[in-house]
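Q: Following the hints, position chain F against chain X.
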Amino acid sequence: MIFLYIGLPLAVSAVLPLVGKASKRVLPDILANTVLAGLLVYAATGARALLAQGPVIQQVRWLGEAVNIRIALDGFSLFMLMTIQLVSLCIALYSINYMEHYGAKANYYALLLVMVAGMNGLVLSQDLFSVYIFLEVAAVASYALVAYGLGAEELEAAFKYLMLSVVASAAVLVGIALLFGMTGALGFDAVAAGLRLLEAKGVAGVAAALFLMGFGLKAALIPFHAWLPDAHPSAPAPISAVLSGLLIKVSGVYAIARIAFQVFDLPSALSQVLMWMGAVSIVVAAFLALGQADMKRMLAYSSISQVGYVVLGIGIGTPLGVAGGLFHLFNHALAKGLLFLTSGSVQQATGTRNLDEMGGLAKRMPWTAGTNLIGALSISGVPPLGGFWSKLIIIIALIQTGEAALAVIAVLASVLTLWYYLIMQRKAFFGKLAEQWSKVKEAPFWMTAASVLLALLVIGTGLWFATVFSSWIQPAADALAKGF
Amino acid sequence: MTPTTLLWMILLPAFSALALLAVPKTVKYVRESLALVSAAVSLYLAFALFAVKDLSWSAAWLGSIRLELRLYQFPAFILLGLAGFLFLITLYSVVKMKDHPRVNEYYAYIFLSAALAFGAVLSDNFVPLVFFWEGLLVTLYALISLGGKDAHRTATKAFIISGLCDFAMILGIGIVWSLSGTMTISEIGLKPEGPAALAFVLMMIGAIGKAGAMPFHTWIPDAAVDAPVTFMAFMPAAFEKLLGIYLLARICLDIFHLEPGSGLSILLMVIGAATIVLAVMMALVQKDLKRLLSYHAVSQVGYMILGIGTAVPIGIAGGLFHMINHAMYKSGLFLSAGSVEHRAGTTDLRKLGGLAREMPVTAAGFTVCALAISGVWPLNGFVSKEMVFHGALETGSIIFAVAAWVGAIFTFASFLKAGHSVFFGKRSEERAPGKVKESPWTMLVPILVLALLCITFGVFNKLPLTQFIQPIVASHAEAGAHLDFTSHALDLFNLIAGISVACLLLAFGIHVYGFKRGGNKAYLASEPIHHAPFFKQMYDWAEKRFFDIYEQGVKFLQGLSWVLFKGIDRPIDAVFEKGATAVGSAFTGLLRKAHNGHYANYLAWALGGLVVIIALVNVLLK
Chain X
1 MIFLYIGLPL AVSAVLPLVG KASKRVLPDI LANTVLAGLL VYAATGARAL LAQGPVIQQV
61 RWLGEAVNIR IALDGFSLFM LMTIQLVSLC IALYSINYME HYGAKANYYA LLLVMVAGMN
121 GLVLSQDLFS VYIFLEVAAV ASYALVAYGL GAEELEAAFK YLMLSVVASA AVLVGIALLF
181 GMTGALGFDA VAAGLRLLEA KGVAGVAAAL FLMGFGLKAA LIPFHAWLPD AHPSAPAPIS
241 AVLSGLLIKV SGVYAIARIA FQVFDLPSAL SQVLMWMGAV SIVVAAFLAL GQADMKRMLA
301 YSSISQVGYV VLGIGIGTPL GVAGGLFHLF NHALAKGLLF LTSGSVQQAT GTRNLDEMGG
361 LAKRMPWTAG TNLIGALSIS GVPPLGGFWS KLIIIIALIQ TGEAALAVIA VLASVLTLWY
421 YLIMQRKAFF GKLAEQWSKV KEAPFWMTAA SVLLALLVIG TGLWFATVFS SWIQPAADAL
481 AKGF
Chain F
1 MTPTTLLWMI LLPAFSALAL LAVPKTVKYV RESLALVSAA VSLYLAFALF AVKDLSWSAA
61 WLGSIRLELR LYQFPAFILL GLAGFLFLIT LYSVVKMKDH PRVNEYYAYI FLSAALAFGA
121 VLSDNFVPLV FFWEGLLVTL YALISLGGKD AHRTATKAFI ISGLCDFAMI LGIGIVWSLS
181 GTMTISEIGL KPEGPAALAF VLMMIGAIGK AGAMPFHTWI PDAAVDAPVT FMAFMPAAFE
241 KLLGIYLLAR ICLDIFHLEP GSGLSILLMV IGAATIVLAV MMALVQKDLK RLLSYHAVSQ
301 VGYMILGIGT AVPIGIAGGL FHMINHAMYK SGLFLSAGSV EHRAGTTDLR KLGGLAREMP
361 VTAAGFTVCA LAISGVWPLN GFVSKEMVFH GALETGSIIF AVAAWVGAIF TFASFLKAGH
421 SVFFGKRSEE RAPGKVKESP WTMLVPILVL ALLCITFGVF NKLPLTQFIQ PIVASHAEAG
481 AHLDFTSHAL DLFNLIAGIS VACLLLAFGI HVYGFKRGGN KAYLASEPIH HAPFFKQMYD
541 WAEKRFFDIY EQGVKFLQGL SWVLFKGIDR PIDAVFEKGA TAVGSAFTGL LRKAHNGHYA
601 NYLAWALGGL VVIIALVNVL LK
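Those protein sequence lines, which keep their order, are chains X and F.
Taking this note's numbering, the leading residue of the first sequence gets 1, the next gets one more, and so forth.
Taking this note's numbering, the leading residue of the second sequence gets 1, the next gets one more, and so forth.
If we strip away everything but chain X, and leave its shape as in the complex, we get (with noise of 0.2 angstroms):
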């Protein structure tokens, strides 16, 4: 039953502004959360179960009629499927202090899980335009929840991200007219059978090309990254931690992944154009994050900047590569998300996002400070957190196949990175307490909680890197490197 992480998102959210009307509080928490909840262990028992006997594909009946929709399990989805239920849970935990202040609760968890399903799907496709139908679903569920709080600020955001994502749209839907031009097909696997009987190499290239930008302003690779340091930090702190750590990964990164494999069969070209986009995203945007006052700012250039390792991971094409850029994806999504959490922590407990105005707040907010300092150290890659592995794995991989120059950009870049979440250490938690913040309190129990338990992930996944390597990362890898 994988249709249920579409279905039962879906069902659940129109029921939410109904159930809001009843209890405003108490009982959206607990739906969400328990949809997340289930939908999670569905993804780590019996959707792993399912895929023992291959990948799994489902035919959508309507009426007891086959319509044209499929959806299919493997195990690059599945792994998917289960970061996105992992991260989405540990939001929707945090939420349930966070959004207290924002109201109308119902329909904030209407709308998250309006995402969550358009990612869901997004990843369970294994045709063209169910890809481009759900990447709409969760960017405009997206749109609505980053101008959630309605201040200037948000709309303004939320208007520049919808610009820029209609135009990331409509280079998709060109890049998909072309390619059903050609082939007369959308499924991945015909499409793919088409191109390697056309020989149409200039099309295709142009195509691909459209992908890369459309999937790329999505991924807010560098230079389709203008709008992420806007949208990501106006949103309420869970859904930044959605956009950041999730959103940009499955509509941008998961669909460059999935077509540049499975429809391009990813050729040298594409593989090279896609390294150094990491790679120069990974570099410029680590120095934009050197240069931010505004904490959430940071966290977002960062997020450009992490993108930017995946993509070169992925880009590399080799096995190990592949393995790397989707290991450092999942330790990102945790990171990040945590960095994102803990800063809606700070933001609530003292009001501003300015760096330069806040100091010593580890002192007042132990957990909040703690848990941020393992998630940076993770993305910096200090050793023996997640990040350090997925990293450790990229580099060695680029050095496999000769990529030298690759594999010296990232290990400089990450002495950035480390520079940069050394910077926010110092200015937010270490150091003297300033004054006005004296009376600062600890964040509530279920956004502490929320914090530590993916703090606690972080460190996990460090610690057992080579089981959670081998029983989730290398199924993935192998099944992007082999296709439905």
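Calculated from the structure, these hints are not laboratory results.
Hints may be right or wrong, so weigh each one.
Rough simulated footprint, nothing fancy, chain X against chain F, three-plus residues with beta-carbon under 8 angstroms [claimed, not checked]:
id	segment
1	585–591
2	607–613
Here are a few chain F residues that face chain X, going by a calculated C-beta distance under 10 angstroms [claimed, not checked]:
id	residue
3	T2
4	H595
5	V617
6	L621
Since the structure is predicted, the reported quantities are computational estimates derived from the model, not experimental observations.
Don't be surprised by glycine CBs; every beta carbon is placed ideally from N, CA and C.
A: Just chain F now, with coordinates in the frame of chain X:
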């Protein structure tokens, strides 16, 4: 007596140490009773083993390495000595250490030291030997650091100096192992030539470093001030001397066969003679009783090394006899100093005086031990020193005998000064009469036992010599072939003894002269020598720790690290801190300027990117 008794000899004090550590602070008497019983049982076991004298026990230990223990005449004798001192010091500590804030740690470390020392003496394999030997390093550090806040520095100093000596010993053992192919000590017998000579020197450093010879002695006078006085009586005065000289004798007699008149023999004698003279000169001018005693603890090692270094039977026997004699009177002296400190609250010679009236028993014990260390007939120190003089003269190098006599002069002079200023002469004005009492009996008994032993071993010197010393030397055929104590007249009426007596008279003269010059103040008796033209300069330098290899080494390393810091670290740091940050900030500034919030710009970048990618993909595809 089964062979496993050897193992119990080691395990009993080790388990006692653990038990003593566990006894809560608030429980009275249990700790002391446990310590006394355990020490007594150890002593009994040592007696029993001494009666057996021939046992060996071995078991597989670390892989192919065996834990081999072997008991024969020599270890049995040392074991008896160690156990005896353990008992006496424990008895003394019952009162002296009662109020120490970390008393349970103190007893635990003492018994752990005893266990390790027993193990080191019994080991017949280099690996367990090194294991026990290095373990003593830990308890050494721990015991000194019990002395309080400032003791930490001295403890570190002792640890580093002893650690370096032990490291040399391990290197030497490595060479011996590669030459002989075995780790079992009793199977080794090398001629000290070529690489074996290097191994000899390295192992010798380990042994004399443990015994506290120059130049590895410098932590001892510091520890005398910082560490508990019972530690001084226990470790540097007794245990370390016995262990160090035991190992030195084993090195010279068993592991290597040292030839009289060989270069290595001369080397040992030079170290011995230099240690005697230099340390006693330092002892002479000390103003603190414990510090004065500690320099003598160094100086007397010189006699033992000189004696063993002669490699002639009478010299070796003299060195070994001096080892046990010294352990007795030096332990007694430190315990007397502790007794004085216990009641008078200080060991500063300038603040004491006339204590003999208030503490007659301590004074008597101190006097006997002081006369013994000075070599006054008929005490034990006289006998063993005579043997060393004989040995030194037998090698034909008269200079070493002269050095030993010079040492004897100043030893007596400094003890005249010390005894005179503490127990005799005028009472210090600071001390109200009747305020100071004699120490309790548990502290006096050990002092008196040691003093009586000094007299017994001196008057009836044939008894220990034939019972303890002769069998040891005799068991080494080459060295002990013709050892016969009657051939060397160890009584008062011969030329060598005459010179010794003349030395003592000279020392008395020096003391009286200094006493008169210093305005009848005993503690100033050494000032004429202290301020003599050449000596003044040397003493000044010594006072500034000019000759202390540890302090000089620390200074050198500090200088080196300063140079490295300023010369290498800071420039590199400047490149990163100034250079890298400047470049990074400039680049960041440029990028930030580009992000000006204009939507049109962003869209233009995206479209530009699309064009570039289309071009790239098409170029690369061809």
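Q: If a hint holds in the structure, say so; if it does not, say that too.
A: Status of the hints after comparison with the structure:
| no. | hint | verdict |
| --- | --- | --- |
| 1 | 585–591 | holds (count 5) |
| 2 | 607–613 | holds (count 4) |
| 3 | T2 | violated (51 angstroms) |
| 4 | H595 | holds (7 angstroms) |
| 5 | V617 | holds (4 angstroms) |
| 6 | L621 | holds (5 angstroms) |
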